[in-house]
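There are 2 protein chains.
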Amino acid sequence: MAASRTASAARTRHREAAEFTPAEFAGRVERARRLMTEQRLDGLMVTSEANLEYLSGFTTQFAWNSPTRPWYFVLPREGEAAAVIPEIGAGNWRATSWCRDIATWPSPTPENEGLDLLAGRIARIPRRFGRFGVELGAESRLGMPVADLLRLRELIQPVETADCIPVLRALRFVKSPAEIARIRHICRIASDAFDRLPRLARIGDSEKEICRKFAADLLLRGADKVPYTSIGTGKGGYSSIIMGPTGRRLARGDILLIDTGARYAGYFCDFDRNVAYGDPGDAAKRIHDLLWRATEAGIRAAVPGNTAAQVFHAQAKVLEDAGIALGNVGRFGHGLGKAMTEHPSNKPIDRTVIEPGAVLTIEPSAMYGDGKILVHEENLVVTEDGPKLLSRRAPREMPVVRV
Amino acid sequence: MAASRTASAARTRHREAAEFTPAEFAGRVERARRLMTEQRLDGLMVTSEANLEYLSGFTTQFAWNSPTRPWYFVLPREGEAAAVIPEIGAGNWRATSWCRDIATWPSPTPENEGLDLLAGRIARIPRRFGRFGVELGAESRLGMPVADLLRLRELIQPVETADCIPVLRALRFVKSPAEIARIRHICRIASDAFDRLPRLARIGDSEKEICRKFAADLLLRGADKVPYTSIGTGKGGYSSIIMGPTGRRLARGDILLIDTGARYAGYFCDFDRNVAYGDPGDAAKRIHDLLWRATEAGIRAAVPGNTAAQVFHAQAKVLEDAGIALGNVGRFGHGLGKAMTEHPSNKPIDRTVIEPGAVLTIEPSAMYGDGKILVHEENLVVTEDGPKLLSRRAPREMPVVRV
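Residue numbers (numbering that gives the first Met the number 0), protein chains in the order written: chain A, 0 to 402; chain B, 0 to 402.
Quick caveat, the hints were computed from the structure, so don't treat them as lab data.
Every residue, glycine too, gets a C-beta built ideally from N, C-alpha and C.
Warning: the hint list may mix true and false statements.
[Said to hold, decoys possible] Rough simulated footprint, nothing fancy, chain A against chain B, three-plus residues with beta-carbon under 8 angstroms:
hint, segment
1, 25 to 37
2, 129 to 136
3, 144 to 157
4, 166 to 178
5, 228 to 238
6, 327 to 335
7, 350 to 356
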């Protein structure tokens, strides 16, 4: 125990972010209702972790790790919000959510997982548009079986179901200061862990061992969860940036990439770092420098009024001017918040206008050599005064561990 | 570094489970096809982590942490299986899946996330029943936006969509020896971590700190991921068994519960342990003993031919005979495997017949005192020779840390 306490004591502790205030949720609900009017919805229901937690404040690990029981949160355009949830979760709901109207059923009851209760709540919503929003659209994942949603659709007729994702996307795109504080917190933790990475990952360690040590380090520094630690290793570079860890052992001459999505209080960081074990070679050094400059250009372009496409083009231009093939990722960064990747996508077809409060990743990648890829990534928040980095900026030269 | 290496060296290392063989997947596909004939399906498509990984072998952290891009795996009743996946994942697919027929598109392309490619593959499937299976049913979560599934349903007409969950549920219910080896591996790791818990969690630690230390310990012992660490603390007992960690600090006289769902190579353990910091009091001691005996009864009942309901009743009888109120969990254990909770549920309405190869949790809970609940949980595999424990059996008496 003495040993691990010593190791732990060496880790910088950042002050924990504050709890969300009642005003935070009142603001979200007010904005949601304005957007519901725009989208002609009398109400909406959310079932997925990010959307349900965002609107209700309900915090749980259980609901999202056990697909047996669905959890529903209903927000009408006018009138009281309601939780329709399994009996097992009532206490947890009361302890974490602002919403006091809770209906429960003794789940699991696969023949009817609260659908009658839910339909009853929806039927009470004042009707103006005859449309009720559910999670259907782009980048969404429904938190209940589809067959049950289709049954619900019948049960609530003549009210039509419509997509509520445009409402949630607009809401979640612009982060509040309290949300940004949480993302900043996890970015600091990950920045500290990345600073230690060259000493943590050692020649002879397998990729799996490196990922486990790195995730443990993030936890001991204050991350709540580390769902994502992709890794690439290889002589002079790696060939995939989204690979799970393999049994391959880190060797002299390797470049190591780790990309992490770690969570704190319901919010993600998402960035990566490269480390060379011995000289990475001229090709990788050149690409690293170009990507660093592309990242600078992307950061500078992340200002209110620019589009996600412009944030892409600013990065791409640096690489194209140097005659470099862009990576196969399909975009150069994306929104970040309660999901590790969210709206928008920094790519030519995405005309989303960047607003103050948007949190973005800047993530250029380039191909080189024989099927190798290199990637950089930083996290920032857009403000009236321009972009503010949330991750600690990577050094222009790739860190080299002497081996 | 010396410090943390010392701590790490003190952790028992269990030999890693073997890779799945080609025969493992061939067996799954053969069983799937037999079940598809029974369910009158010409083919099926899976999009969720557990089902896609189960059938295709594709291993990724990326796909399930980034909801931007969907991933589809199509298995016809006759003919070749096909992956329809984002371009970014082609290399990863080739490195991990047995399936060599890969179609890609340059995702993210929200206007059409591979739906035309997917419909094209489905159109080629030989038709006998005119029905194509998608993930609709109980305990499922679709891995693509529902709006896209509804569009696909139109695109593949006159082929009807039907539920493929009965096929996947039957397949995944009976585990192969290689699957059981993975669950055993993570159960050993968690058993070791729980053995250390009384020294790891200290008076004055917050619940959050305890969960982070415990998850880090699991990782350093060889867990790949620790998605779930619920915790309960309180004087003489706790009041919820599914709470996320709070800022509450462990105090003298507390009972501490941790329940963990940790993962290794795509498989979960799911069990818990109780520890008292000082004398837990007579009420908690009595309930703990009854739950230990209820668990014994549940383990003994987990034999081929018994139903999940009988596994419930065996546990419930011990508590009811003592006049104890059952917990509010809704069941006394469940299936376990690629999901932390899966079919069946040990509860009176579930008549699923237990078969050799089924992996179950035995999880009785009881209410006592002023709104307190106590829970036990063990993991086992059902065999022709009776139940075999996968978790290291909890001691009959609650471990007491002298404080």
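Using C-beta distances, would you say chain A covers the segment 228 to 238 of chain B, given that this needs three or more residues below 8 angstroms?
Coverage by chain A holds for the segment 228 to 238 of chain B (3 residues, Cβ < 8 angstroms).
If you count the residues of the segment 166 to 178 of chain B with a beta-carbon closer than 8 angstroms to a beta-carbon of chain A, do you get 3 or more?
violated (count 0)
Outcome, coverage hint (the segment 25 to 37 of chain B, chain A; C-beta under 8 angstroms; three residues):
With 0 residues close enough to chain A, the hint is violated.
Would you say the segment 129 to 136 of chain B counts as covered by chain A, given the rule of at least 3 residues with C-beta under 8 angstroms?
holds (count 4)
Cβ contact check, 8 angstroms cutoff: the segment 327 to 335 of chain B against chain A, three residues minimum:
holds (count 5)
Under a C-beta cut-off of less than 8 angstroms, do 3 or more residues of the segment 144 to 157 of chain B approach chain A closely enough to confirm the stated coverage?
This one holds; 5 residues, not fewer than the three required, reach chain A with a Cβ under 8 angstroms.
How does the segment 350 to 356 of chain B fare against chain A when you require at least three residues with a CB closer than 8 angstroms, holds or violated?
It is violated, with 0 qualifying residues against the three required.
The structure fails hints 1, 4 and 7 (numbered hints given earlier, in ascending order).
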